[in-house]
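Listed below are the residues making up each chain.
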Amino acid sequence: MPQLDAKGRHAVAFTLNGRPAAVEVETRTLLTDALRHGLGATGTHVGCEHGVCGACTVSIDGVPARACLTLAVGIEGCAIRTVEGLAPEPGRLGSLQAAFRRHHALQCGFCTAGILVSLDAYLALRPSPSRREITEVVGGHLCRCTGYAPIIEAALEAAAELRGEGPALAPSENAHA
Amino acid sequence: MGIEHTTFVGRSVERVEDAALLSGFGRYIDDLGTRPGTLHAAILRSPHAHADIVGIDIEVARALPGIVAVVTGRDLANITTGLVPAVRAALDARAIAVDRVRYVGEPVAIVVARDRYLAEDGCDLIEAQYRVRTAVVDPVAALAPDAPVLHEGVGSNLVSDRRFRYGDPETAFAESPHSLSVTVRYPRNTGSPMETYGVVATYDPTDDSYDVLANFQGPFSIHAVVARALKVPGNRLRLRTPPDSGGSFGVKQGVAPYAVLIAATARLVGQPVKWIEDRLEHLSASVSATNRVTTLKAAFDGEGRVTVLNWDQVEDCGAYLRAPEPATLYRMHGNLTGAYAIRNVAVRNRVVLTNKTPTGLVRGFGGPQVYYPLERLMQCIARKLGLDPFAVIRRNLIPADAFPYRTATGALYDSGDYQRALDEAARDGELDDLKRRRDAARAEGRLYGIGLTAAVEPSVSNMGYITTVLTAAERAKAGPKNGAQSTATITLDPVGSVTVQVASVPQGQGHRTVLAQVVADVLGIPMGQVRVTTDLDTAKDAWSIASGNYSSRFAAAVAGVAHLAATQLRDKLARIAAAQLNLRPEDLVFADGRIASRTNPDAGLPFGRVAATSHWSPGLVPEDIGSAIRETVFWTPPELTAPDADDLVNSSLCHGFIFDLCGVEIDRVTGKIRIDRYVTMHDCGRVLHPGMVEGQVRGGFAQALGAAVYEELAYGDDGAFLSGTFADYLLPTATEVPDLRILHVESPSPFTPLGAKGVGEGNCMSTPVCLANAVADALGLDAIDLPLTPSKLASLAAGADEPAPPAGHAAPKPPAKPGDRTLRGEGLAQVAAPPETVWAMLLDADLLASVIPGSHGVRKLSDTHFQADVSLGVGPVKGRYKADVTLFDLEAPRTATLTGTVTGSLGSGGGSGRITLEPDGAGGTRVSYVYEAAVGGKVAAVGGRLLDGAARVIIGGFFAALARRAGGPSGRNTGLAGFLRGLLRRLLARLGASA
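Protein chains in written order, with full-length UniProt numbering: chain L, 1 to 177; chain X, 1 to 995.
Since the hints were derived computationally from the structure, they do not count as laboratory data.
Straight-line C-alpha distance at most 30 Å; calculated BS3-like pairs for lysine-lysine: (1) X/Lys384 <-> X/Lys672; (2) X/Lys384 <-> X/Lys435; (3) X/Lys384 <-> X/Lys792; (4) X/Lys882 <-> L/Lys7; (5) L/Lys7 <-> X/Lys878; (6) X/Lys297 <-> X/Lys435.
Just so you have them, the derived chain L footprint on chain X, three or more residues with Cβ under 8 Å: (7) 24–35; (8) 683–695.
To give a feel for the contact side, a few chain L residues facing chain X, derived at Cβ under 7 Å: (9) Thr42; (10) Gly47; (11) Val52; (12) His104; (13) Leu106; (14) Val138; (15) Leu142; (16) Arg144; (17) Gly147.
Idealized CB from N, CA, C, for every residue including glycine.
When you get a sec, could you build the whole thing from the sequences and use the hints?
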């Protein structure tokens, strides 16, 4: 990485959810602020800015990271995936997202983006996780609404569906069908 | 009244909110665009719990490029006034300090800049000088005649003292064979929504009006408080809420003072201003639940039947009484007998101010503080009489045939069958099995206990209950206050689709889904044809003082009024359709998107066509209907009357019931709680959406678990705030929350349109004491306070039954005195120079400048008085400080005592130490030192865990540098001291201490 001038502004180029993205930031600009206010990708949320709550979790080259503890200048050339990139196409939900909806695994939805990104990365790595493993992954996030149980159920069900074992699902209660 | 065809209500349909929230399309306050030119604010806050502001030097900050303004309390004094609480006392009630600070985190100045980073830079450059006063932290200590007084105008820290008497308490005490009392110190905690506060404000000088966007949750009675504080009439404060809110749990009521601050700041700078709170600000200075000291005394017969309660409650509202406080104390006033048929009650309620963050709404709101002593009492009665606590609770319950039941203190309990709920919970929760598990565990010498709790969960609060804090005469003078207006507006558009607007401001509770269910069922149309908006704009939407999302009022009141509005609209549409079909309105059925004859389904019209009639063909609308385009209904339940002359108050409309039972095991050595089983039985009336009810119960339980075991907003004896990060204020994660068994019975409320009651707060009321009862049972204790931290339980377990620690484990240390966070240390250094040389070095300013870690220069004001500028780091918190050190008790060249203070924008500290120099017999000096210090401000709030280590590193670093300067450590210094110094250096690097 080139020497950066602390006071200057720097162009950073990377891919965001598969598309090229560029943003101009200060050296001290956090990745959360670059994504949210620089690029308008406001799906990634800021909950604590000290790395505990996990709301800001994004995937950097396939590895989940706290965007609030990441400097934007450090992601030059990286592949960033955020909650906006999880749906297969606009207006459709991916398996994990749909499982969250079926299980009421979110209420206010503020922490949800980070949890989805962590679980998405984990399921890619470990397609057949145990309940214990999922609990540990979700244990890296704070949620104040749900009490976590429906999140764990949703993740386990999504994992099964992604393995091709679905849809062993309860009949959907989707009133919009 | 009810819904004829319930296609949707009562089912766990998928939420209409979720697709957007799961895809990153939520619109929370910080996701919304702002007007061009919007500036960003950061707030400088007090590092002291109690101090006079001597001066605020803003010049350096003001000169930083990008900084637009630095606004102090004095600057805002003319354009704002105080936030008026319910108790009229001579309180300073401003949202920002002017010449005195009264809690750590109190706003002192607002920096407005081009971006947030610059605004925070500006805060670091402000030099505020304080003259520290003695702080008072404990509410009972605050009542002492010699306690420091926060508001001189009041004369003492006691701002309200009321006594109440219901029935004949004196006779009941005299005639009952037994009595017992419990004293509880309920600690502080908060809801900690994952999204913090946010405000975006604009001022229009041409008509003296404010536009404020804030993630405020209500109650909108606070709108009047904010408008008054901004000195404008209500119609010149347009308060808007964003479409989504990242949780609140009551807490976002507390954004109101910041709405005043940011709006007034926008007026001063002449541009829109945006402020998003950070987590340290939120934990230290947003809103806390009240801490309360309660002594509850009861008399009872030999079977544990309670005849009388005597409540003595000392409520700590923090440094200021912020509206709606002291509501936390009075919200439960009608419910002071809980689920029990107790007819004699005496109450003394005192409201006290201390040097802590002002309190406000937090989920449970007064419930945890009441049920903790009440349900501890029931267990203590059973223990004293040698009875089963389940039998004692059951024996005291209000009989099932007594509803609606008027409690001794005035609440009208709408419905319930508490005995049935208890029995079903014991059966389905397998209480007998739990007892066997306890017996088996105890037989093996393990610590296992069972906890039980019965609680009545009030919802839909009476806007008049808070006036119970006033005497009947004061209430008569002010005029009666009562009711709880809820409102819904339903609009039909020109293609016949339906929009519902309510003033409920949800923060994740799925209101849009439930309202779509309710309205779609009434109108017989698909849910997708109903669109709901729940964000509120006080300039355009229907609202009243009870609007907002609090007191678990949604299902009972808001969904109910939406049903009323939909029904009213349906009746109009029925008449329009009837006129066209030549049928009677009462013969029509709304179903499957059609309005058709009950007997001849072919005679009907599509719903959309009838719904659009008033737009396109008003001539077809019967004249006396007017139009059927928009219906707004307000509803306030007649049961919510004002407190009467005898202080009887129906504080809430609905009363759900909870019975919890749990079994816990405590590890004797670590003190860790393992929840073996937790069963929670709820009666919340009619369930509109089972999935959401389960979500409320699980979420409430997790929060209550945190409040019981992990969380505490902790303060030092000097008022320093100690839990400013999520590493200090510990929220439960997925790995801590146990499985939960949820049970239901349904007793519909006769007082609400849909029969529903609130359910969101119950476990916050019942779970802390249920867990505490189990712990008390496990450890055989009479008294136990929260939080049930492992260190506390380990020490109690050890005290109860001194177990020998297993090999390799040290005996658990008794906890330090709460609030005592003195840093104590001692050390030893070898210096290769004689004591006289070292002594001279210690008094040489230039030399000190070169050896003090992070020093930017030392000034010698006298032979024994030094001032220094130093940069110190504690973990991630690095800052520049001014140190002021005085030496006394000098015995050259042997010993000296140092006392000093350190102040900086990140915190302050004070302490003293004693240095002793001894010749080491080889031409060198053995330097030994002991010190005691206390640190406050931001450093204490976020770095508490690191302070001890950091102090050792910094002080050790000083002596290491001194030794080097004196010619290096003496030769025999390769042992422990050398090792320690190496360790210190590594620690230093790890902690990032800038030495």
